[in-house]
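Mind docking chain B on chain A? Use the hints.
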Amino acid sequence: MFDSLSDKLDLIFKKLRGQGVMTEENIKEALREVRLVLLEADVNFKVVKDFVERVRVRAIGSQVLQSLTPGQQVIKIVHDEMVALMGGGEDNSLDLSAKPPVSIMMVGLQGSGKTTTCGKLARYLKKERRRPILVPADVYRPAAIEQLKTLGRQLSLEVFDSKADQDPVDICREALKYAELSGFDTVIFDTAGRLQIDEYLMNELVRIKEEVQPREILFVADAMTGQEAVNVATGFNERLEVTGVVLTKLDGDAKGGAALSIKAVTGKPVKFVGLGEKMDALEVFHADRLVSRILGMGDVLTLIEKAQSTFDADEATRLQQKLKKSQFDLEDFKNQLQQLKKMGSLESIMGMIPGMGKMMKQMQGNQPSEKELKRIEAIIDSMTRKERADSSVINGSRRLRIAKGSGTSVQEVNQLLKRFTEAQRVIKQLQKLGPKGLMKGMGGMGKGIFPF
Amino acid sequence: MTEEKKGFFRGLMNKITGAGEPPSAAQVGEADGGEAPARPGFFERLKRGLAKTHEGLIGRIDTLVLGKKQIDADTLEELEEILITADIGVATAVELIRTLEQRLKRDELRDGEALKSALKEEILVRLSRHAASLDTVGASPFVIMVIGVNGVGKTTTIGKLASKFAASGKKVLLAAGDTFRAAAAEQLEIWGKRAGVDVIRHQEGADPSAVVFDACKASLARNCDILIVDTAGRMHTKVNLMEEMKKIRRIVGREIPGAPHETLLVLDAATGQNAVSQAKLFKEAADVTGIALTKLDGTAKGGIVVAISNEFKIPVRYIGVGEGVDDLREFDPDQFVEALFQ
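Residue numbers (the numbering used here), protein chains in the order written: chain A, 19 to 470; chain B, 6 to 347.
You may find that some hints are simply not true.
Claimed, not checked - Cβ-to-Cβ under 10 angstroms is the rule here; a few derived chain A residues that face chain B:
| no. | residue |
| --- | --- |
| 1 | K167 |
| 2 | T168 |
| 3 | K267 |
| 4 | K273 |
| 5 | E295 |
As the list claims (entries may be wrong) - Stretch-level coverage of chain A by chain B, calculated; a stretch enters the list once three of its residues show a Cβ under 8 angstroms from a Cβ in chain B:
| no. | stretch |
| --- | --- |
| 6 | 98-107 |
| 7 | 118-131 |
Just so you know, these hints were derived from the structure itself, not from any lab.
Glycine is no exception: its CB is placed at the ideal position from the N, C-alpha and C atoms.
Extracted from the complex, chain A is given alone in its bound form (with noise of 0.2 angstroms):
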């Protein structure tokens, strides 16, 4: 995860400084590289040739920017090709302008996920003043007509009434009708998951099509997928003609190469992404995150909503107003590293901040453990209320008392102290220069960004 192209990119040319124009030649290594990173990140090989292609093209004799490195402007082609090819820029929003009740089909491949999506969207649109109803139309899976039903209740959203030992060509037809009569002005279609090679099924989708003319025909698709993304696409686009790609599962480490290569081979735009099992985890999709996180640049904008929706605001205020009064004790300490471990792991948080994957290289050893953070909490924990408040009054018969309390030891104990006071210190001296001296603060700290 760390060794992001931009690294790997860097090191390649260093080799070639001072060389003004790119050549044929000395950009092969680089290309490869990026061919590489490309197929690591689960990007068909037939779209990873055509694209590092039409990169070569545009690298080859292009004048190297005066404020560029070499390697950033290969990354800077290939990310601009990238976000090109994504489709960055073109509307990707739902279309339902139609006379309602307007239909959205949901199919995919088994374990893709159409029924979380199919709440989803669902709750989506009912947030965007529509008045959806959802259609479950999987026979086949046991249970499968019961989730839909349960997602609905969660919803407070009304679910059609379909029995397993129905033909789902005949549940969407009768739904349609009541969606009519009953005054909802979208619905949406939770078909069985299915292989795109299984013809009797496929041609269910089609007789289904048919009977609901729907506006949109969403194909799901897991961001986990390896090469056989391309096959798969391509089998429903031909039988179905999809109108739109969601992307699920993309709250994981996958890069979510598949997105591309689906892209590539049906012309068809990605238009939200699934981050959750949660029904509020939908979002619209932008091209731009995609590739930033397939290149391993960086994902900032992620992180940022990540932690906007995990740090508590109220508690952030708290803290600056703290910081300004410079009153900053262990048990923001404390909180700080909660709010941090919601998050996700440190390595993955690291990883998203561009720039980070080589400085944690180089910190390799020094960083703090999710082990370690376990026990800096068991620390604080085992002080009385004054002596978070006030880690000078902590004496040696107190440290005796905390190190027994947490089952650590009073050399741990003090050195928690001593990194603590040390980040009050840096927390101090961040105030006084303001925020233009916070890089600058950072960069003396040896350490890393992490006080402790």
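For chain B alone, kept in the frame of chain A given last:
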């Protein structure tokens, strides 16, 4: 999560093979009439499933070595890329190429055929090094905990396993440890009914550890041979969910010493390079002892198995090549490589 459909083959197949499910399940499948084509054998289906991998992998290797009198370093470099694109994984591909390079230096690879058979050999070595089938005799109840990310087919695999074990005369109990996803417990119950085994479940949103605790007690009280624990799908990068899983493990181990005897990681064959990351993090958190590879009946798939079993030294126990109960089979490296290269 686990999804499956009942092709009309199911009922049919059970009648032909006489294996698998009790008669109550046999009738559900007949959705459509039509003539009954002879069901291809398992090897045929595996081969067909791997056909695209085959075309991609072997086809491209053939093109690569076509007309080449000599195998050189450039050829190997291209081969490396072909291996990566077969989802074999970067680290394993690199390692395979290193080995081939050494053999090249020893002058063992004179032409394309030699290269192909050497590659086949090396892949087989890597797959069989850690191959071992699941032996449930060692303990009673033998506890199998099934884990994996969302939508790989955990519940379906459990359903098939339960039928398998029940058919071989074992007393099986299932624990519906997925209390998060809507209707997950219902899904397992339907599978339980089909296999004729009991399912321990709680309400949705209950603590999975509590379900598992009850299931452990029940399996001891009822003298079960095998207890299979279903768990909710979880992204391997979510710390809190991985902690929850560790807790389930601890409970099982406390109630039944030595359990879980098998921690089965379910992987979707369509997964790309991310499968390596899944295997790594799940192994760290839950000490995975076996792998089940599902959905091998699609097209370009299966390469990732080589990476996982090579990099993590975890044996592949089962592969699923279809939706029928009978389509979950014990993994046989020879057969797999044979199908890949034929």
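Outcome of the hint check:
no.: 1; hint: K167; in the structure: holds (8 angstroms)
no.: 2; hint: T168; in the structure: holds (4 angstroms)
no.: 3; hint: K267; in the structure: holds (6 angstroms)
no.: 4; hint: K273; in the structure: holds (8 angstroms)
no.: 5; hint: E295; in the structure: holds (7 angstroms)
no.: 6; hint: 98-107; in the structure: violated (count 0)
no.: 7; hint: 118-131; in the structure: holds (count 5)
Violated hint: 6 only; the structure is consistent with all others.
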